[in-house]
Structures are given as C-alpha cells and as structure tokens.
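K.L.:
The listed protein sequences correspond, in order, to chains A and B. Numbered by this note's numbering, the letters in the first sequence go through residues 255 to 321 in order. Numbered by this note's numbering, the letters in the second sequence go through residues 6 to 380 in order.
There's no promise every hint is true.
As the list claims (entries may be wrong) - With a cut-off of at most 25 Å between alpha-carbon atoms, the simulated DSS-like pairs for lysine-lysine come out as follows: (1) 232(B) with 34(B); (2) 316(A) with 299(B); (3) 367(B) with 197(B); (4) 272(B) with 335(B); (5) 27(B) with 297(A); (6) 197(B) with 139(B); (7) 197(B) with 254(B); (8) 232(B) with 316(A); (9) 335(B) with 232(B); (10) 27(B) with 197(B); (11) 254(B) with 139(B); (12) 242(B) with 270(A); (13) 35(B) with 242(B); (14) 360(B) with 169(B); (15) 232(B) with 376(B); (16) 272(B) with 316(A); (17) 316(A) with 197(B); (18) 34(B) with 139(B); (19) 270(A) with 272(B); (20) 197(B) with 232(B); (21) 169(B) with 376(B).
What the hints assert, rightly or not - Listed next, with one range per pair, are the computed distances between beta-carbon atoms: (22) 177(B) with 310(A): 13 to 23 Å; (23) 149(B) with 310(A): 21 to 31 Å; (24) 129(B) with 304(A): 48 to 58 Å; (25) 292(B) with 316(A): 23 to 33 Å; (26) 101(B) with 316(A): 18 to 28 Å.
Treat the hints as calculated values from the structure; they're not laboratory data. Ideal placement from N, C-alpha and C gives every residue a C-beta, glycine not left out.
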Amino acid sequence: MTNYYSVPEAIADSLKMTDCRHRTEDGSYILNGGDLVSYGVDKAVEDGAREISESEARNLIKQSNNR
Amino acid sequence: MITNSANVVYDPLDTAFDVIEKGGSGIQKKETSTGRYDPDREITPWVLIPNLQVKDPERIIADGDYTSSLCNSRWYQNSETEANRITGTTAGFTLGEYGRLSVSRNATPGSAVNLLLVVQFIDPRRNEVMTFRKICPMSCDAVNETNLALDFDAPVRLPIVPMKNLTTRTIAAQLRNGVNPVPDADAVYVWKVLDGQTFRNITSTDIFYLSGQGTKNLVIDRRYIDKEVIRLESYVKANTANVVSAQTKVHRWYGQWKERLDIVRGKLIHPGTTETEVNVTVTTRSGDIANPEKYFDIGVYFRRDIEGENWRQVAHSRNVTVPSSMAGTKYGVRAVFGAEVRELSALRPITMQGKTVLINGKTACMQIPTKDSEV
Numbered sequence: 255m256t257n258y259y260s261v262p263e264a265i266a267d268s269l270k271m272t273d274c275r276h277r278t279e280d281g282s283y284i285l286n287g288g289d290l291v292s293y294g295v296d297k298a299v300e301d302g303a304r305e306i307s308e309s310e311a312r313n314l315i316k317q318s319n320n321r
Numbered sequence: 006m007i008t009n010s011a012n013v014v015y016d017p018l019d020t021a022f023d024v025i026e027k028g029g030s031g032i033q034k035k036e037t038s039t040g041r042y043d044p045d046r047e048i049t050p051w052v053l054i055p056n057l058q059v060k061d062p063e064r065i066i067a068d069g070d071y072t073s074s075l076c077n078s079r080w081y082q083n084s085e086t087e088a089n090r091i092t093g094t095t096a097g098f099t100l101g102e103y104g105r106l107s108v109s110r111n112a113t114p115g116s117a118v119n120l121l122l123v124v125q126f127i128d129p130r131r132n133e134v135m136t137f138r139k140i141c142p143m144s145c146d147a148v149n150e151t152n153l154a155l156d157f158d159a160p161v162r163l164p165i166v167p168m169k170n171l172t173t174r175t176i177a178a179q180l181r182n183g184v185n186p187v188p189d190a191d192a193v194y195v196w197k198v199l200d201g202q203t204f205r206n207i208t209s210t211d212i213f214y215l216s217g218q219g220t221k222n223l224v225i226d227r228r229y230i231d232k233e234v235i236r237l238e239s240y241v242k243a244n245t246a247n248v249v250s251a252q253t254k255v256h257r258w259y260g261q262w263k264e265r266l267d268i269v270r271g272k273l274i275h276p277g278t279t280e281t282e283v284n285v286t287v288t289t290r291s292g293d294i295a296n297p298e299k300y301f302d303i304g305v306y307f308r309r310d311i312e313g314e315n316w317r318q319v320a321h322s323r324n325v326t327v328p329s330s331m332a333g334t335k336y337g338v339r340a341v342f343g344a345e346v347r348e349l350s351a352l353r354p355i356t357m358q359g360k361t362v363l364i365n366g367k368t369a370c371m372q373i374p375t376k377d378s379e380v
C-alpha cells in the first residue's frame, strides 16, 4: 500500500510537487512514497519528512480546507 | 497583360504533443476488503499536464516549448460531448492553466474512464489552428490482497501470579493485513469471554473488566480473575465476513511454594516459660513471601500429644503467641502446633439470594480458600 508523508516545503519544492499536492496548515505538503523516490525516502525523513497514516493525511487535508 | 504569381508557403510545423502525468498514473488499485485505494487520489491527486514542443522547418519561429501558447483546452469524460465536458464545477477535477487537469477522484473498479483532452494551437506563421487530442485512461483494479492476522501479546495460557504487585494487565493486539497494520479507523476489535459453552462480549458488568472493549487494548483487573478464557475477534469494517481471532486462558497461578512453621519462642517449656510464639512462613523459589496472609488463608492449630485430643485452631494468621500453659504441666507431653496454608481465590462477588451485594454502590467481594480444610 502507498505510504504518505508530511513533507517540509523545501523538499516538496525541490521535487517540484508544490503545485500538485495538498498543503497543510503548518506549511508542509502531503506526498506519497512514489513522489519521494527520486529524493529518497530515508533522506526525506532525515530532512524532516514524517510518515503519516491515511486517516491523518485526510484530517490534515480537511483542516487545511476548512481554513 | 499576362500575370503569374509566387505563393508564400511554409512547410507545416513539426509538433510533439503529449500529456505528462505527474504524481501517479491512471491505474489504481482498490483493496476490496478494506475499501482503500492505492494510491488514494483524494490524498495525492493525479495531475495531467499538456506539453507541446514545436520545431519550425522554415526557422521562422523559434524551436522549443509552446505549452503556454495552448488554447481552447477542453477535457471530457469518455466522449467529446458537452454533457461529458469537465468544468470548474465537476467534482473531483480541478482545471488549471494551459489545459492542466488535477484529478482528485478515485476511479470505480470495473468502470474505466477515458479522460479526453482537446486543445488547440495557432501556428503564428500561417494563422492556422492546429488541434491536438489525447486520451488518458483512468482505471481501477479491484484486488483482494487480504492476509489478515492478529498480533496478540498474550500466550495461550496466561498465568496471573497473585504475589506480583500488579493490579492491571493490558492485553494488546494489532490487526494486520500482511505486514501492514490495519489503521484503527478501519479495524474492529471485539473482546469476548467464555461464558458456559459460548463466547459473549465482555461488558462493564464483568468484574474483571476495566477498559478497552472495541479497541485493540483490553485492560483487565488481575485481582478478579480465577480463570477466564478471553478471546479477541477482529476484522476490517469493509469485510465483516473475514474474522480473525486469538484467545488466551487467563488463570490465577501460585507457582511452586512451600510452607514452614517455626516455634520462635517458648519451644522448650520450663516452669517459668509463659509464652510460646509460632510463626508461619511461605516460601517460593524467589524467597520468603512478604505478608503471605494477603495471598493465603493461614490457620494455626494446636493439640497436645495425647491420644484422642483433637486439633483446635488458635489463630487465623501467620503469627500467634499462646500461653505456654496450654501445654499443661505433665512432663514429656509435647505441645504440637500445626499450620494449614491454603491458596486464596480471586476476589469474587458476594451474592445473596442470587443478587450481587453492593456497598456504597460497589460490588462487595471476598476471597475464599480454593480447597477445603483438612483439619
């Protein structure tokens, strides 16, 4: 199954994914494991990405949409 | 006058038009047992970006990327009709500039959708409209990769040793599909207890139950358990038929122990000896048990070594001091002390006429020896 990550803006920006991924209230972006392949999942985690569950991802999107 | 004319002719442009997929592909999977999509486009959308590369054989316009010159872009679902056109209000789709489309809708298994893009470009040399079409299939495969299993942190037999200074025991579980934990929101956990021949749901009326019904962590109060078979049944909400289970037999267990009776004072009874003190100790392989009367029913008995004299209980504790005169004054007659140590049951509700006795709203309980007295 796909894993989801809350990723700092700098990483999302370097992957050119900021225009096609949800931005959360804290300014990070929700990416999936496939998005991070070229960056490296381990490196992304070292650089501040955090694996999140599907339900947490939905909640973050819901919160940012309600703003 | 006769005339002739020369025509200005430009060879057609060499164009390469494509739609670049970003953030996934048109193919999804849906796990039928959990109802989850992989990937879930509501979380990470699939983005389709038109791209136009142009090469002018006449070298009038510069070669390169002309995506930003695309115009009149229209997206359709399945066929190029107005009814099927994707607009700004079509749920699950977001239109962007230069024909860009963001798909945040999951496909339905078994009903593929062809997303059709029609977009135009005006050749600035010939003022000629060039129309490009591209079909992007979007499909979803229903898969059943269910391999449910339960992680259950209790053995088949779970002994509860009364002497351990613990009140509660948490039995933790985790439903897994393969190696992946099933998210709590998708999983159902039902804790049951064997009642007669069948299992029934554990409720707040079960005296050993503290919390956790409906969750993956059951908390029980060890003090109230003599022997209970506890079973967990779990499944994913999307497939209630596929139930996995695990169970444990929780039982009160004292392990190996041995009692000892010592006459600590007054073992030799002289005319001036006034008191005899007797002490009962209970020992395990770990050493003497502190306060054994908390876990054992201890009776101290006495009789003189005279034929026909019966035992009589002199104490219901581990330590007793009796008058040495109980032995009498007859030389050679021995004063004999005995101890009976019996394991205690768990706390059991007291009932009267079939009804549980309550004190200040709380169930009154008692412990009783687990076997009859031999004295």
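K.L.:
With a cut-off of 25 Å on the C-alpha distance, tell me whether residue 367(B) and residue 197(B) pass.
P.N.:
Holds, because 23 Å separates the two Cα atoms, which is no more than 25 Å.
K.L.:
Between residue 272(B) and residue 335(B), is the straight-line Cα distance small enough, at 25 Å or below?
P.N.:
15 Å, holds
K.L.:
Does residue 27(B) pair with residue 197(B) here, judged by a C-alpha cut-off of 25 Å?
P.N.:
48 Å, violated
K.L.:
What's the verdict on residue 316(A) and residue 299(B), does the C-alpha distance respect the 25 Å limit or exceed it?
P.N.:
55 Å, violated
K.L.:
Compare the distance between the alpha carbons of residue 197(B) and residue 232(B) with 25 Å, and conclude whether the hinted pair is satisfied.
P.N.:
It holds: about 14 Å lies between the C-alpha atoms, which stays within 25 Å.
K.L.:
Holds or violated: are the alpha carbons of residue 169(B) and residue 376(B) at most 25 Å from each other?
P.N.:
The given pair, whose Cα atoms are some 22 Å apart, holds under the 25 Å limit.
K.L.:
Given the hint that residue 316(A) pairs with residue 197(B), test it: the Cα-Cα distance must not exceed 25 Å.
P.N.:
With a Cα-Cα distance of about 36 Å, the restraint between residue 316(A) and residue 197(B) is violated, given a limit of 25 Å.
K.L.:
Would you mind confirming whether the straight-line C-alpha gap from residue 27(B) to residue 297(A) stays at or under 25 Å?
P.N.:
21 Å, holds
K.L.:
Is the hinted pair residue 35(B) and residue 242(B) satisfied, with a Cα-Cα distance of at most 25 Å?
P.N.:
OK: residue 35(B) and residue 242(B) at ~15 Å, within 25 Å.
K.L.:
Is the straight-line distance between the alpha-carbon of residue 197(B) and that of residue 139(B) 25 Å or less?
P.N.:
Distance of about 57 Å is beyond 25 Å: violated.
K.L.:
Compare the distance between the alpha carbons of residue 272(B) and residue 316(A) with 25 Å, and conclude whether the hinted pair is satisfied.
P.N.:
81 Å, violated
K.L.:
That 21 to 31 Å hint for residue 149(B) and residue 310(A) (C-beta), does it hold up?
P.N.:
26 Å, holds
Figure legend: structure checked against the earlier numbered hints; hints not met, in rising order: 1, 2, 6, 8, 9, 10, 11, 12, 14, 16, 17, 19 and 25.
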